[in-house]
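Chains A and B, in that order, are what the protein sequence lines are.
If you read the first sequence in this note's numbering, its first letter stands for residue 1, the second for the next number, and so on.
If you read the second sequence in this note's numbering, its first letter stands for residue 73, the second for the next number, and so on.
FYI, nobody ran anything at the bench for these hints, they're computed from the structure.
Since the model is a prediction, treat every value here as computed from it, not as a measurement.
It is possible that some hints are incorrect.
To be clear about the criterion: a stretch of chain B counts as covered by chain A if any three or more of its residues have a C-beta under 8 Å from a C-beta of chain A, and this derived list gives those stretches [unchecked claim]:
(1) 88 to 96
(2) 209 to 218
(3) 231 to 237
(4) 416 to 423
The following label-pair restraints were derived from C-beta to C-beta distances [what the hints assert, rightly or not]:
(5) B:Ala-134 x A:Pro-27: 40 to 48 Å
(6) A:Val-46 x B:Asp-136: 39 to 47 Å
(7) A:Pro-29 x B:Arg-129: 56 to 64 Å
(8) B:Leu-195 x A:Pro-29: 18 to 26 Å
(9) B:Glu-333 x A:Trp-13: 29 to 37 Å
(10) B:Gly-201 x A:Pro-5: 15 to 23 Å
(11) A:Gln-34 x B:Val-421: 38 to 46 Å
(12) A:Asp-36 x B:Val-431: 52 to 60 Å
(13) B:Gly-201 x A:Phe-35: 16 to 24 Å
(14) B:Asp-137 x A:Glu-63: 29 to 37 Å
Residues from chain B shown here face chain A by an in silico Cβ test under 7 Å; the list is partial [unchecked claim]:
(15) Ser-115
(16) Pro-116
(17) Leu-158
(18) Leu-161
(19) Arg-162
(20) Arg-163
(21) Arg-247
(22) Leu-253
Built from N, CA and C at the ideal position, the CB exists for glycine as well.
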Amino acid sequence: MPARPPTMFDVDWNSCIQCGACVAVCPLPGFTSQFDTIATHRPCDVSCMACERICPVTAISSEPGPDDDQLA
Amino acid sequence: MKIDGDFDVVVVGSGPAGATTARSCAEGGLRTLVVDKKQELGSPIQCSGAVSANALRSAGIALDDEFLSASVHGFSVFDGEGEESLLDLRRASPEPAGYVVDRRRFDRHLMRTAQQAGAEAWLKAEALGHEPQDGGTTLLRIRQFGAVRTVRTRVIVGADGLQSQVGRWAGLTTRIRLPELASCLQYVVDGVETRGLLEIVTGSQWAPGGYAWLFPKANGQAEVGLGVSRTMTDRDARWHLERFLRESFLRARFAGMRILEVQGGGVPLTAPLRRQYDDHIILVGDAARHVNPITGGGIHTALRGGILAGAFLREVLPTGEPPTADLLRGYQERWEGDFGKALRQLYTVRSALNRVPDVDRQDRELHQVFANYFRPGSPYRYI
Chain A
1 MPARPPTMFD
11 VDWNSCIQCG
21 ACVAVCPLPG
31 FTSQFDTIAT
41 HRPCDVSCMA
51 CERICPVTAI
61 SSEPGPDDDQ
71 LA
Chain B
73 MKIDGDFDVV
83 VVGSGPAGAT
93 TARSCAEGGL
103 RTLVVDKKQE
113 LGSPIQCSGA
123 VSANALRSAG
133 IALDDEFLSA
143 SVHGFSVFDG
153 EGEESLLDLR
163 RASPEPAGYV
173 VDRRRFDRHL
183 MRTAQQAGAE
193 AWLKAEALGH
203 EPQDGGTTLL
213 RIRQFGAVRT
223 VRTRVIVGAD
233 GLQSQVGRWA
243 GLTTRIRLPE
253 LASCLQYVVD
263 GVETRGLLEI
273 VTGSQWAPGG
283 YAWLFPKANG
293 QAEVGLGVSR
303 TMTDRDARWH
313 LERFLRESFL
323 RARFAGMRIL
333 EVQGGGVPLT
343 APLRRQYDDH
353 IILVGDAARH
363 VNPITGGGIH
373 TALRGGILAG
383 AFLREVLPTG
393 EPPTADLLRG
403 YQERWEGDFG
413 KALRQLYTVR
423 SALNRVPDVD
433 RQDRELHQVF
443 ANYFRPGSPY
453 RYI
């Protein structure tokens with residue numbers, strides 16, 4: 001069981017300035033999108049939320065991701 | 073297997089650290105390739121571009137109007153209330169103490185110099201991974217314009233920034249913890265007067281855990297921005313910057329401001345990596361966390377690391393010794409003896425500041441650190 005429930009992130013491309021800060025602070029290797037942001041196509045099961053906080057323009061939002069049962 | 077190139081050194085990343093390493097390697101006769109996944113050198117800009125004259129001189133970079141945006145003749149450090157501590161060096165010398173460079177042009181200039189020295193460069197080329205071979209070489213896979221190419225090299229230099237993939241292959245680069253990454257935003261603006269100085273504003277009412285800046289640029293333009301620690305505020309950098317522009321004691325100077333560009337980034341205020349090498353791999357620049365943890369400045373440290381890395385590789389590679397971690401450790405040892413000591417010292421200053429529990433006291437101490445930082449006799453003046 002993960003300590004925190006998984007999270008799905010969303011990047012508002014209109015706000016994103018492609019600075020890469022979210023990836024720099026992310027503990028998951030390779031959890032990236034094609035646009036040098038954190039991944040938005042699969043859930044994050046660390047849910048530390050550091051990416052959401054570091055973003056200088058609050059381009060990242062999140063909602064609870066599907067949990068393991070739903071994925072199975 | 074088809075090999076698309078044979079090199080002594082492949083540098084991943086074409087920023088100041090990578091380009092300087094590549095230039096030095098090529099000058100020493102090493103077969104050098106630079107790969108960068110971007111399509112444009114120096115873009116997107118994530119940095120203000122302030123660099124000391126000494127940094128350029130010691131890296132052997134001739135001053136060139138191509139990339140110099142504005143001259144810097146000193147520093148003005150304000151506390152949160154607007155109390156100024158001024159160091160104007162024009163009284164002592166007409167020569168600029170430093171410059172603000174145009175990062176797009178500067179990066180391009182450095183890469184062009186590296187190419188003129190004989191380095192090859194591939195853009196839109198992403199390094200994917202490598203596989204060590206017998207005989208002291210490794211095969212590096214690179215995807216360029218959708219096709220995977222393989223090159224043989226002896227050393228891979230990771231100059232690929234904060235999110236360094238090369239460092240991650242070797243297990244050297246870990247993520248930066250949130251408290252040690254400043255969240256920064258700056259506007260390039262028109263219609264704001266500057267003073268030929270780097271103007272810095274400390275104070276947690278404006279930039280909690282960081283500082284705000286106003287730097288001159290060419291053609292009457294300026295850079296105004298700030299960095300905050302997100303563990304010290306619930307608001308993002310943009311909110312703090314907007315408030316600084318609207319409410320700070322400098323607000324009258326921003327009244328006629330027009331925004332030309334928005335730039336941002338995460339600036340590491342952290343210690344250099346404990347280990348910056350592995351079999352076939354060394355790291356330079358942001359990838360090795362060669363960043364000043366007080367100012368967040370990274371150009372000087374990137375150039376210096378590049379010079380040291382290049383000089384080291386020029387010395388050891390011609391001996392034919394296999395580039396094992398044991399051999400490449402020598403690069404870091406040199407770096408520690410040169411720049412490492414100062415950066416690690418600055419990190420202890422930064423950590424002590426972070427530990428001050430009282431916000432007002434922290435503000436006062438940070439202001440003192442900045443006010444003294446550039447003074448003659450300061451041990452950090454040249455960093």
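Now for the hints, and whether the structure bears them out:
no., hint, verdict
1, 88 to 96, "violated (count 0)"
2, 209 to 218, "violated (count 0)"
3, 231 to 237, "holds (count 3)"
4, 416 to 423, "violated (count 0)"
5, B:Ala-134 x A:Pro-27: 40 to 48 Å, "42 Å, holds"
6, A:Val-46 x B:Asp-136: 39 to 47 Å, "46 Å, holds"
7, A:Pro-29 x B:Arg-129: 56 to 64 Å, "39 Å, violated"
8, B:Leu-195 x A:Pro-29: 18 to 26 Å, "25 Å, holds"
9, B:Glu-333 x A:Trp-13: 29 to 37 Å, "18 Å, violated"
10, B:Gly-201 x A:Pro-5: 15 to 23 Å, "32 Å, violated"
11, A:Gln-34 x B:Val-421: 38 to 46 Å, "39 Å, holds"
12, A:Asp-36 x B:Val-431: 52 to 60 Å, "34 Å, violated"
13, B:Gly-201 x A:Phe-35: 16 to 24 Å, "21 Å, holds"
14, B:Asp-137 x A:Glu-63: 29 to 37 Å, "51 Å, violated"
15, Ser-115, "10 Å, violated"
16, Pro-116, "5 Å, holds"
17, Leu-158, "29 Å, violated"
18, Leu-161, "32 Å, violated"
19, Arg-162, "34 Å, violated"
20, Arg-163, "37 Å, violated"
21, Arg-247, "5 Å, holds"
22, Leu-253, "5 Å, holds"
Checked against the numbered hints given earlier, the structure breaks hints 1, 2, 4, 7, 9, 10, 12, 14, 15, 17, 18, 19 and 20 and satisfies all the rest.
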